[in-house]
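Enquirer: For the record, the sequence lines run as chains C and D.
If you're matching positions, the first sequence starts at 306 in the numbering used here and goes up one per residue.
If you're matching positions, the second sequence starts at 68 in the numbering used here and goes up one per residue.
No wet-lab data here; the hints were simulated from the structure.
You can trust all of the hints, since none of them are fake.
Examples of chain C residues lying across from chain D (beta carbon under 8 Å, computed):
| no. | residue |
| --- | --- |
| 1 | K322 |
| 2 | L324 |
| 3 | N504 |
| 4 | A508 |
| 5 | L512 |
| 6 | V533 |
| 7 | W534 |
Quick reminder that beta carbons are idealized off the backbone N, C-alpha and C, glycines included.
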Amino acid sequence: MTAVEIFRQLRSAFAPKTLICGVLIGFGALCLLGRQAARENLHKHFIRFTQWTGPETKYYPTVNEMMAIVRAKIKPGQILVVVGGNSVLRGVGQPPERVWTKYLQENLGDGYCVVNFAFNGSGVTDGGAVAAEALRREFPRQIYMANAAPTQGSVPDGSVVYRFMFWDAYHKGLLVDDPARNAAIHESHKLPYYAEGMNELHAREWLDHWFYFQDFWNDITLVKFNTVWGFYVPGLTKFLQPRKRLPDPEPDFLAMPMSSRYVEANLEAEMLNVRGCSVYAYNKDAEGKWQPYTPVWDQFFAATKGLFPPELKQRTLILMSRNSPYYIRRLAPDEQERNDLAYLDAVKNWQKIGYASMDYGSDFTIDDYGDRTHLTWHGGVKLAKLVSVKVGAMSQELGYLDKR
Amino acid sequence: MIFNTYWFILFAGIVIPVFWMLKKPFLRVPFLAVACAVFHYHYAGPAGMAPIIALGALTYVLGLTRNRFACIAGIIVSVLALCFYKYAHFLTGEVLTLINPAWGPAVEVSAKKLLPGLVAPGGSIYLFVPPLGMSFFAFEFVHYLYEVRKGAAPLRNPLHFLLFAIFFPTLVAGPIKRFGQFVPALQDGANNVNSADVAEGLRRIATGFIKKVIIADNLTLAIDYYVPQFEALDLLTRWFIFTLIAMRILMDFSGYSDIAIGLARLLGVKIPENFNWPYAAKSIQDFWQRWHISLSSWIRDYVYIPLGGNRHGLVRKILNGLIAFALVGLWHGPAWNFVIWGLYHGLGLAICSNYAAVPSAGPKLQGWLARSPRTCWVATQLFAWLGWLVFFYPVPQALRMAGLLFGVK
Chain C
306 MTAVEIFRQL RSAFAPKTLI CGVLIGFGAL CLLGRQAARE NLHKHFIRFT
356 QWTGPETKYY PTVNEMMAIV RAKIKPGQIL VVVGGNSVLR GVGQPPERVW
406 TKYLQENLGD GYCVVNFAFN GSGVTDGGAV AAEALRREFP RQIYMANAAP
456 TQGSVPDGSV VYRFMFWDAY HKGLLVDDPA RNAAIHESHK LPYYAEGMNE
506 LHAREWLDHW FYFQDFWNDI TLVKFNTVWG FYVPGLTKFL QPRKRLPDPE
556 PDFLAMPMSS RYVEANLEAE MLNVRGCSVY AYNKDAEGKW QPYTPVWDQF
606 FAATKGLFPP ELKQRTLILM SRNSPYYIRR LAPDEQERND LAYLDAVKNW
656 QKIGYASMDY GSDFTIDDYG DRTHLTWHGG VKLAKLVSVK VGAMSQELGY
706 LDKR
Chain D
68 MIFNTYWFIL FAGIVIPVFW MLKKPFLRVP FLAVACAVFH YHYAGPAGMA
118 PIIALGALTY VLGLTRNRFA CIAGIIVSVL ALCFYKYAHF LTGEVLTLIN
168 PAWGPAVEVS AKKLLPGLVA PGGSIYLFVP PLGMSFFAFE FVHYLYEVRK
218 GAAPLRNPLH FLLFAIFFPT LVAGPIKRFG QFVPALQDGA NNVNSADVAE
268 GLRRIATGFI KKVIIADNLT LAIDYYVPQF EALDLLTRWF IFTLIAMRIL
318 MDFSGYSDIA IGLARLLGVK IPENFNWPYA AKSIQDFWQR WHISLSSWIR
368 DYVYIPLGGN RHGLVRKILN GLIAFALVGL WHGPAWNFVI WGLYHGLGLA
418 ICSNYAAVPS AGPKLQGWLA RSPRTCWVAT QLFAWLGWLV FFYPVPQALR
468 MAGLLFGVK
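Okay, chain C solo, but in the shape it has when bound:
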């Protein structure tokens, strides 16, 4: 067969209708692979989402992916404990073998299954919150926890970076249809900052609920080969290696010198952050006592309206993360008093609107903290101890232990 004949045969093989059929069949096959990937646990030996499996490196975990992790990890009869929240609960500064949720699992024992779905910079309604809600029927005995700062509210569909997770679950029909939450979302989207990009996000998630392309590409990039060049992979050509091969790069804060954890040059900025937790929320009265500044707390109540459907409030634990004593000690005595008050009032206010809440860190040492907010593994051990007691008490109150 001559080269011309081979070319002619190839051309006839790619005749228009053949090509169109091929494209359609190929597309259909990829959608099926996406559906298959959505059912599989892509993260064997999952500990937490790492730098390589978060939006900061263009990896966008899907709700199916998180649900698959839980299904692979949980044993029959276990109570599900989903940890959401931000980098503090993700365990930044704690190496994977000493992350605080590992100690929480140890403290709670075999009756519980702890999964860490916290992400850097995420709020109480992001990531883990969505996964837990999507699993509410399958695993009704569940506790969800996240952390926040005093007077900090949230947005029901999540912060701008992470709200793709909420809308992913929403378009797949996995969330509770809660009118109060819908109204709160509608209200928040009146602000241009929140409204921006929503059409595009809806289009993406609606298309994805048919075609499952996000699960497909996450499977490819995690297990087969990375698809996006990133500065995090050394060398120009090594970026193609699958992300699962990249180790969790979290450093051990406790092994680092104090001077790099508590950077002198940042002291002023960090003190501003520490004061920011309480300075706007209180005024002194005529007797010199701190009194809540009502507009700020009203704003807190407005910003916590409709965050979770009523049936999920009681199983939700909001942790108030205190700052390191390294900074607290530098506050004036009356500022320290105001700071204490802010955390205690925040806990009370979360409880008032139906959530479980507790603060931690008042008796932690400087070595328990890696920096202003993040804990060392040493602090993680302490946090795990406190939280496990609270989770036990919540399980009792929610009647989970009776159903065993």
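Given chain C, work out where chain D should sit, using these hints.
Expert: Quick look at chain D alone, frame taken from chain C:
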């Protein structure tokens, strides 16, 4: 890029199959016009659409008159609109300031006083934000009126004119269309779109996405990471990054054109090619016959030739070429580096097309180059690729990077 937004995928996923299903050409054309209007409205918004509607309506009506002066007036309006929307800020902020540092800010302050309702929170003036695809609209309208002025029959069917103006595959990034080619192609598509068109369209779209999303976008990330540390890199890696910069712009621009051509082809409409293996060019003239063909041919037909082209002696020919290429540069954006990039190519082209006239040495060099096509290719590509440094980076940085490529610190 608009073509990889999910809204666009939904839009195309609905519009194109409906276009196929309509079967009758008299239904397809109005349907496509409505779809293009929806597309334009979605991405440009009412504020971006209004000036284009006004400019388009004016161009259409003036074209119908077939009056020479009316057409010239329309051309002037289109050019002024382009200058106002795209270059007013550059003219006030850069050009006037260069002449007298006080003039630029003074004009901006006066403009803000005159247009208080149009000042954005950041202080910029909304009117100076160019509507989506403004450069393409202006160039296509100028071409239309110029050809009508020269005697071409104007478009009487308003739907044909509307589609010439806002045909969604080419609205954002071209290629720049010619109405004499586009309208017959549109009618042909409405009458005869078939499976061969669809197959070819899909192939072109796939090629375009591979070039743009897989290659160019990844290269952009790598280049953005390595360029700030260019000096610290070893010589080989510098040349590697330099090659990536050249590949990135080709893949980006030609990928976008491939997608536009492919989308048009799904509707049965054949759009002229915009890139033809430019990195295979063996001379600068050859390069410009292969790179962004619709822009370079537009500039040739509506700037270079009307200025006199090569008809008035060597000095005028070179000057006309420099003006034309400065405009090619400025078309890419209102910044000095684009102007310098254009002039760089204008100068290169002037040397390339006239060196043979230099007594004694010219013919010898020409003869030697004719026998060394590889040398011609290397020299042409080196010239074009070095030009990309000026295109992408401020001139001092571009010169520093160019020096570093040859080991000069």
